[in-house]
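If you're matching them up, the sequences are chains A and U in order.
Take the first sequence: its position 136, counted from the start at 1, is 136 in this note's numbering, and no numbers get skipped.
Take the second sequence: its position 209, counted from the start at 1, is 444 in this note's numbering, and no numbers get skipped.
Watch out, some of these pointers could steer you wrong.
Said to hold, decoys possible - Straight line, CA to CA, 30 Å or less: simulated BS3-like cross-link-like pairs of lysine-lysine:
#1 LYS447(U) with LYS197(A)
#2 LYS197(A) with LYS338(U)
#3 LYS455(U) with LYS197(A)
#4 LYS225(A) with LYS299(U)
Calculated directly from the structure, the hints in this document are not laboratory data.
Bear in mind that the values here come from a model prediction, so they are computed numbers and not experimental data.
Listed below, chain by chain, are the residues.
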Amino acid sequence: MIRKNLLVIPLTLAVGLFIASYVGGEKNTPSSADGPEVCTLGHLAKVYEAVRFSHEMHTLVAENCATCHHNSEEGQTPACTECHGTSSGLKDAYHGQCIGCHKKMEMGPVGCTECHMKKISKVSSGEKKKEKGPQTTILNRLENKYQSVTFSHETHSSLAENCSECHHHSPAGQTPACSECHGAPFDPQNLNMPGLKGAYHLQCMGCHQDMGGGPTGCTECHAKKTSQDKQGEEK
Amino acid sequence: MRISRRKFFKISAVTGAVSIIGKSKSTSVARNFSGRPDRLGVLTDSTRCVGCRTCEAACNEINKLPKPKIPFEDQSVFEKERRADSTYYTYVNRYPHPDKKGKWIYRKVQCNHCDEPACASACLVAALKKKPEGPVVWNEKICIGCRYCMTACPFYVPAFEYSNPYSPDIVKCTMCYDTRVSKGGIPACVEACPMEAMTFGKRSELIKVARKRIMEHTDKYVDHIYGENEAGGTCWLYISGVPFEELGFPTDVGTKPYPELTKGFLTMVPAVLVIWPALLGGFYMFTKHREQLIEEEEKTPEKKEDRK
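If we strip away everything but chain U, and leave its shape as in the complex, we get (with noise of 0.2 Å):
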């Protein structure tokens, strides 16, 4: 294989450009997302809850959600472990307590507003947006239907709208987002709940608040903050009695933020889509000109002699 000097040193130079490229541009996000500090969240203490499905009940109506088949009075509705649905944006699950025979333990899932959501992530066509005071919402006119999210989404939050053969979406809990906290209110799931096991404030101040009773009743909590690390961090932090996989959370969500895991690539598509076929395309031409050229002369030796 013969190159000239030249030559390699464009290549060289061309390859290292890119590596180069590639390299700077994945800046990894950090651990401890320290973005928007102000942001809100929520603290549920499964301590405190009872299974009164108040929340459920108080999402319904400020939702406008369609009226469930099983009253919210009705507690046969626990017998079976629910699922995300499209008629409900949150649901509360019961689970026997590990140790103490005959206690039930309950769970209230719902979208965890993660600091650095999946599902916004995955989406194709930016339904889904992280508002910075903390809630994950979605248009339902952009969204599409597609699914992604649903992929996409460690907590299995998301729910498709099966039935609605036209124009199906998706749909999950919002944080009061519109009707509430964007006007300086409060979710009305937690401000129905009677035991108050959700507290709403500040992220960070619900840490401080969540550490507190936790170092305060050691006997009563898991020494563990459900959602502060979890998938880079939720704005839903959970604290419980008995260890989480007891309450059917999913504990191997890890703590890198899923964007993180496509976010470098993803980004790199556009600048490598232009400038490898800029570059290349260049060189090709550079040595197929060139080719010519020397084709050419081959050919034609006799009037490169007459003109010498």
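Just chain A, with the same shape it has in the complex (with noise of 0.2 Å):
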């Protein structure tokens, strides 16, 4: 009887051994959640749009505080302006810090207009002219299935203070068709990039919703072919 309660103990240690393996704490990562939201930096407010630059994203992004605010005494963090002076030497160090982390990364902005947005000038640019582009423009892409979008453009342009607000990211002046840009969605190389419907859907209703005006449900531009209709086509 005494052999066999002798195996009870190596076999409770073994048991309590393979337990103790499998419970393990969490390793806490730290969250480095402090310091301002956004930086707007307008240094250069005269030609260029200021930065925005999310100090909040970048804390979530770093390892710790001193990835960025490197070479200062641990737990500060002094603002870059405050080693780097604020002329050609701030300027380097910006560009060197950020630009150069994103190379690294392979992630975040790296050409110029990317962070620096070119300031435009309303007077320079897209003058208000009302003979200047079609009057109305026919969208008849899904013309099976829906009447096309008559799409008046005269009235968009008296509304918008300049071109771009719809011909946006082309060069200035320049006023290139929705297509000319967005085709076919989903393109590996340029996933941000919507394509050509979800472009008209979201710069069109996008904006009448910020406006508070215009149609945004969806059969109050895509009137539904009736069989009538039909027809009348194959007639």
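Starting from two chains that each stand alone, build the complex the way the hints lay out.
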């Protein structure tokens, strides 16, 4: 009887160690949500729109504060201008630190105008000219199911402050058609660029929602084709 | 208690061996899932969703699901917060905007195609499988309708065919794997959405797109990609303009992949069931044999003396 009881002790030990090996604590990732949310860098306010830098987003991406607030005492987070001055030294510091990290991480803006949007002066570009551009545009890509969409270019050009409000992301003064840039969606090389359908809806409905006017429902633009319409077309 | 030195060494060796085996097999799963780097996913931008339900209609068509009682154009379906049902694989729910009165926000719900799916881990018959391309698919022929996956899923996704008395199965979104994705296409709901609220591509690229959108419009989005780390990472990601609780997202899911909770223990079960009986049975036989010999010796001491 004694010999059988002897086995209970190592058995209990083994089971206990077994269970203990799986009970582990989770590593606590340090949260670094301190500091300002967004920094607006307006040193070149005369020529360019201010650079919007999301400090909040970067605190989540960086391992700790010193990744950006480098070469400073532990726990200290001095502003960039405190050490790098306010002129060309500061510019090199910004570009070196920001673009350098974006290149290393392969994410984030590296081009000039990706951060520095040029200020559009309302006098020079996009003067309101009612004669310019078509009066009405017919959009009939879905003509087998829906009536074509009639888009009054004239109305919109008188409502918009300048051409680039709709003809966005294009060189100043140019008004490319939507389909020139927006083609098939989900291009792996350019995932953030919507396809033509998405571009139309996001631009048109987006503005209508923001302005509080204009069609936002589906059939307000796309009138369904009745069977009578279809018969008429076949003839 | 008296044990011989040999016996003591044997017992401690066995104990040590078993506990070491236990530790070496409990490889903890990496927090950043590194397998299948090219896996595909979908990014849903909730700020673009207008609740038109074109995605539901497209899903219904491509999966040949029964026509719904409330047609897709009818907005009255939003009056009730829907749950997973066996007649649809995806559904859109409407919630009031927390800040802007009178404005609605929408959430499209479907399987999140987790990187390490709890459902696939829980499935008794391996009817649910994570495909290398990303989607988690299910095989209705293998499914036995035990509903373990329903218990396991942290997002309450699998829907059970309660109305089928003979062979009920679970159903869920497959990211159109059989019909489209496996052939290089894109899921039907993603293609159908007029606002391009969903973007289809490699998950790694989608994370970058999401971060870019959040960074470029910090006042428009909440700084969090739902699905990046939830439940160990999912292939269906979300970004939103309001805190995710306002859209009905379960926010207590945690970042640990669910299979990790049981994987270590379960992989040890077959090893333990083989090794322990063999070793301990061997011990028992050994000690029993010795006891027998001792008993025999005690019974017949005269014979031993004769031998001498």
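For each hint, the structure was consulted:
no., hint, result
1, LYS447(U) with LYS197(A), "22 Å, holds"
2, LYS197(A) with LYS338(U), "24 Å, holds"
3, LYS455(U) with LYS197(A), "22 Å, holds"
4, LYS225(A) with LYS299(U), "25 Å, holds"
Of the numbered hints given earlier, the model fails none.
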